[in-house]
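As you go down the protein sequences, you meet chains A and B in turn. To convert, take the position in the first sequence, counting from 1, and add 8; that gives my numbering. To convert, take the position in the second sequence, counting from 1, and add 533; that gives my numbering.
You may find that some hints are simply not true.
Not the full set, but computed from the structure, chain A residues with beta-carbon under 7 Å of chain B [as the list claims (entries may be wrong)]: (1) Val118; (2) Ser152; (3) Leu267; (4) Leu415; (5) Pro419; (6) Thr476.
Below, in silico cross-link-like pairs of lysine-lysine (DSS-like), each with a Cα-Cα straight-line distance of 27 Å or less [stated by the list, open to error]: (7) B:Lys653 - B:Lys667; (8) A:Lys150 - B:Lys653; (9) B:Lys667 - A:Lys150.
Here are some chain A residues the structure puts well away from chain B; computed CB gaps all over 12 Å [claimed, not checked]: (10) Leu50; (11) Ser128; (12) Ala130; (13) Gly145; (14) Ser146; (15) Ser228; (16) Leu243; (17) Thr265; (18) Val275; (19) Thr306; (20) Pro324; (21) Arg362; (22) Arg366; (23) Leu392; (24) Ala443; (25) Val513.
Quick caveat, the hints were computed from the structure, so don't treat them as lab data. Virtual Cβ for every residue (Gly too), placed ideally from N, Cα, C.
Here is how the chains run, residue by residue.
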Amino acid sequence: MTVTAREPGPAADADAGNPDAEVPWRRLHVRVVVVDVVVLVLSLIPTAVTMLVFHLGFDSFSIWTAIATTSLGVLGAVGDLVRWWRTWYRVTPDRVEQRTGVWFTSFRYVPRERIRSVDSHARLRHRLAGLRVVLIGSGEPKPSFRLDALSTAMAEELRRALIGAGDRREPGPAAAAADRADDRPLDGNPLIARLRWSWIFYNLVNAWAFLVAGFLLWSSFWAFQLVGVNLADVLAKLVDWRDLGVGWSIAVAVGGTFLLGVAGHAVGFVKDNWGFELLRTRTDTGTALLTRQGLLQTREVYRDDARLRGIHFSEPLFWRWAGLCETEVISTGLTGWSAANEPASSILPRGPIREARRVAALVLPDGHRPMEAPLTPHPRRALLRRLWWAALVPLALAGLLAWSAALGGPPAWAWLAALGLLPVTVQCARVAYRALGHGIVGPYLVLRCGLMSRSTAAIDRGAVIGWTVRETLTQRLLGLLTVRVSTAAGYRFYQAPDLGIAQAVAFVNAAGPDLVGELLVPANRPPTPPE
Amino acid sequence: MAAMTQALPQERAPALRPPRHRVERRAILLWTLNAIVTALVSVGGLGLTYGLWEASRPYVGPLLAVAAVFAAVNILAMPTWRYLVHRWEFTDRAVYNLDGWITREWRITPISRIQSIDTKRGPLQALLGLTTLKVTTAAKAGSIAIRGLDARVAAEAAERLTDITQDTPGDAT
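Kindly produce the complete structure, drawing on both the sequences and the hints.
Here is the structure:
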C-alpha cells in the first residue's frame with residue numbers, strides 16, 4: 009500500500025517541491041524521558057518495600073495496594089514515554105504542526121496567522137527537570153497545542169518565534185475596539201434602563217414557587233428545632249385540620265405553600281434587583297454595557313461592546329401570553345447558560361416585551377431595531393411536520409403502554425389516557441408553528457423558534473462562523489430545510505427550523521453572499537455531476 | 534457512477550450545488566466494518582441477555598428484533614447510501630461539505646474563521662489508508678469533519694487549506 013509511505017510525520021517529508029520540507033521535525037525535550045524513568049523507578053518503591061522490607065507475600069492485603077500504586081505509576085510513566093516517542097512538532101514559516109498518537113494518530117496544522125497566545129506552566133517534576141509545558145492557543149476554547157514538555161530555553165524561543173514577531177499579524181481585538189470606540193462617542197444619556205417596581209409582579213409567580221417554599225419550610229424547621237420548637241406541631245395546631253376535611257386541607261396546604269413561595273420570590277427579587285440600572289459606560293478599551301444591582305451585595309457586570317454580537321429574547325410559554333420576556337446579549341466570552349447564578353449575559357430582569365424592545369434598540373450600537381421587525385413566516389408545510397410529531401408522540405406512547413399492559417405492567421386503560429394527550433400535542437404543534445420566523449434587518453440575522461420557550465435571536469452577520477443546512481427524512485418529503493448559524497458568542501448556534509427550500513437558500517445567500525454565492529446554481533441549470 | 538448520481542434526488546435539493554469531490558470508495562468498506570462492530574455490541578449484548586436471562590425474554594425479545602432490523606439496515610444500506618451522499622470541496626473562501634444519509638447536512642465554514650486543521654485516523658482507517666480531515670472554528674457547531682478521504686489527498690488538502698488560511702486575514706471572533 010502506498011499510503012504507509014506517506015504517513016504524516018517525519019517520514020513523509022520526502023515530497024519534493026514543498027518549501028517546508030527542510031524544516032526539521034522536533035521531538036519534545038529528551039529530559040521528559042529522564043523524568044518518566046525516574047517516575048517509573050519511584051513507583052516501583054512501594055512494592056519493593058513491602059516485599060523486601062516487610063517480607064509480605066501475595067496473600068496479604070497490603071501487597072495488593074502497593075502493587076496497584078506501582079502499576080498506576082508504571083503505566084503512567086510508560087504511557088508518557090510512548091507519548092514522547094510518538095509526538096513530533098515543527099514551526100514552519102507559515103504554520104505550526106504537530107503529530108501525535110499511536111493507534112489513533114492525528115496531525116494538526118495551525119496557520120501562524122491564527123496563533124493568539126503562547127503560555128507555559130510547569131508542575132513540580134517539570135520544574136525540577138528544567139522543563140515547561142507550552143500551550144499554544146488560536147482563539148479556540150481549548151489550546152490548539154499542548155507541548156509537554158520543552159526545556160525552558162526552547163519554550164522561550166518558541167514564544168518569541170510565535171508571538172514576538174507580531175508585525176505580520178493584525179492588531180488585536182482590543183485595539184480594534186478602541187478604534188470603534190473613538191468613532192462612536194458616548195452620546196446622550198448613558199442610562200438605558202432602570203428598575204421599575206411594577207416588574208416585581210412579573211417575577212413572583214412561577215413553578216419554582218413550591219420549591220422555594222419547600223426549601224424555606226425545610227430550613228426553618230431545622231432552625232426552629234435548634235431552639236426547641238417543633239414547627240410541624242405549631243402548624244398542626246394553627247388550623248383545625250379535622251374540621252376542614254380532606255379537600256380543604258389540601259387546598260389550604262397547597263395555597264399556603266404557594267403564598268410562602270411567592271413571598272420568598274418577592275424577597276429574592278428585591279434583594280437581587282434593588283437599584284437595578286443598565287447603562288453604557290466608558291472603559292479603558294472602549295465602551296461597555298454595565299448592570300448594577302443588589303441590596304445586600306452589589307453586583308456589577310461589565311460587557312465589552314467590542315464583543316457584542318447581538319441580542320436574544322426568550323419568552324417562556326405562559327409568560328409570553330402575558331407579554332413578558334427575558335433579555336440577554338449575545339456576546340463572545342459570555343456563555344448564555346449558568347446553573348449557579350443569573351448569567352452575566354442577562355441584561356434585564358423579566359419584564360414587559362415593550363420595555364425589552366426599547367432596551368434592545370438602545371443596546372445595539374447602530375440604531376437598527378431587529379427585534380421589532382416583522383419576520384417572514386415559514387411555509388404551512390412546517391405546521392404539517394409539527395402535526396406529524398404531535399400525532400406520533402402520543403401514538404407511540406399509547407403503543408408502548410398497550411404493549412407493556414399486555415405483558416402485565418400498567419393498567420389496561422393507560423394507553424387510552426396517552427391518546428387523550430392528542431388535543432394537547434396538536435395545540436402545541438400550532439403554537440410551535442406560529443413561533444417560527446426569520447428575517448434580515450440591516451446587518452442582523454433574526455431567527456425565531458421554540459415551543460416551551462420562544463427564542464428570538466438577532467445576530468450580527470459578521471459574527472457567523474459557519475452555516476449548517478439540515479434535511480431530515482420528513483423534511484425531504486415536505487420540502488423543508490433547517491438553517492443553523494454557528495457563532496462564537498452566546499449559545500454557540502442559533503437556528504431557524506423548517507424554512508421552505510427557496511427561503512432557506514435566499515436566507516443563506518442574503519446573509520453571506522460573498523461566501524455562498526459561488527456555491528449556488530441558477531435555478532434553471534441542472535447541477536453538474538461530480539468528478 | 535454518473536448514472537447513479539442522476540438518479541439521486543439532487544435536483545430537488547436547494548439550489549446549493551453539491552460540493553465537487555466524492556470521498557473514497559473504500560469508505561464504504563470502512564463504514565460497513567464500523568456498522569458491523571456496532572451491531573456486534575448492540576445485537577450481541579441483547580442476544581446474550583435474551584439467551585441467558587429467561588425472565589427478561591418478553592421484554593428483550595421485541596427489542597432484539599428491532600435492534601436486529603436497525604443493524605441490518607445499518608450494515609447493508611447505510612455505507613453505500615452515505616457514499617452516494619458525501620461530498621466535499623473548498624474554495625478560496627469556504628470549506629463546503631455535505632454528509633449524512635437519512636438526514637443530510639450541508640456545512641459551509643468561512644476560511645477566515647478557521648482556527649486549526651487536523652487529519653485523524655484510527656486503526657481501521659489506517660488499515661484502509663483513509664483519513665478524516667477536520668476543520669475547527671471557535672464554535673464547536675461550526676466545525677466540519679470530512680470522513681473517508683484518501684490519506685494522501687487529506688494531507689495535501691490540509692496543507693493547501695492551511696496555506697489559504699494563512700493568506701486569509703483572520704478574525705479573533
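How the hints compare with the structure:
1. The beta carbon of valine 118 of chain A is positioned within 7 Å of a beta carbon in chain B (closest approach about 5 Å), and the interface hint is therefore held.
2. Satisfaction of the interface hint for serine 152 of chain A is found here, the shortest Cβ-Cβ separation to chain B being roughly 5 Å, below the 7 Å cut-off.
3. The restraint placing leucine 267 of chain A at the interface with chain B is violated, with a minimum CB-CB distance near 44 Å, outside the 7 Å limit.
4. A hinted interface residue such as leucine 415 of chain A counts as satisfied when its beta carbon comes closer than 7 Å to some beta carbon of chain B; here the least separation is about 5 Å, so the hint holds.
5. Annotation: interface hint on proline 419 of chain A violated; nearest CB of chain B at approximately 18 Å, more than 7 Å.
6. At about 5 Å, the closest approach between the beta carbon of threonine 476 of chain A and any beta carbon in chain B falls short of 7 Å, and the interface hint on this residue holds.
7. Among the hinted pairs, lysine 653 of chain B with lysine 667 of chain B is consistent with the structure: their alpha-carbon atoms are about 8 Å apart, no more than 27 Å.
8. As the CA atoms of lysine 150 of chain A and lysine 653 of chain B are separated by approximately 18 Å, the hinted pair is consistent with the 27 Å bound.
9. Between lysine 667 of chain B and lysine 150 of chain A the alpha-carbon distance is near 16 Å, which keeps this suggested pair within the 27 Å criterion.
10. Every Cβ of chain B is farther than 12 Å from the Cβ of leucine 50 of chain A; the closest lies at roughly 33 Å, confirming the non-interface assignment.
11. The Cβ of serine 128 of chain A lies farther than 12 Å from every Cβ of chain B, with a closest approach of about 19 Å, so its non-interface assignment holds.
12. With 12 Å as the threshold on Cβ separation, the claim that alanine 130 of chain A sits away from chain B holds: the shortest Cβ distance comes to roughly 24 Å.
13. Listed as outside the interface, glycine 145 of chain A is inconsistent with that label: its C-beta sits roughly 9 Å from the nearest C-beta of chain B, within the 12 Å cut-off.
14. Taking the minimum C-beta to C-beta distance to chain B, about 5 Å, the non-interface status of serine 146 of chain A is violated against the 12 Å cut.
15. At the 12 Å boundary, the C-beta of serine 228 of chain A stays outside the reach of chain B, the nearest C-beta of that chain being 45 Å off.
16. Even its closest Cβ contact with chain B, about 46 Å, leaves leucine 243 of chain A beyond 12 Å, as expected for a residue assigned away from the interface.
17. Annotated as non-interface, threonine 265 of chain A keeps its C-beta farther than 12 Å from every C-beta of chain B; the closest such distance is 40 Å.
18. Every beta carbon of chain B lies more than 12 Å from that of valine 275 of chain A, the smallest distance being close to 39 Å; the non-interface claim holds.
19. With a minimum CB-CB distance of about 31 Å to chain B, threonine 306 of chain A clears the 12 Å threshold, and the non-interface call stands.
20. At roughly 24 Å from the closest C-beta of chain B, the C-beta of proline 324 of chain A stays outside 12 Å, upholding its exclusion from the interface.
21. Remark: the non-interface label on arginine 362 of chain A is consistent with the geometry, its nearest Cβ contact in chain B lying 32 Å away (cut-off 12 Å).
22. For arginine 366 of chain A, the shortest C-beta to C-beta distance to chain B comes to about 29 Å, beyond the 12 Å cut-off, and the non-interface label holds.
23. With 12 Å as the threshold on Cβ separation, the claim that leucine 392 of chain A sits away from chain B holds: the shortest Cβ distance comes to roughly 17 Å.
24. Every beta carbon of chain B lies more than 12 Å from that of alanine 443 of chain A, the smallest distance being close to 21 Å; the non-interface claim holds.
25. Not every beta carbon of chain B lies more than 12 Å from that of valine 513 of chain A, the smallest distance being close to 5 Å; the non-interface claim is violated.
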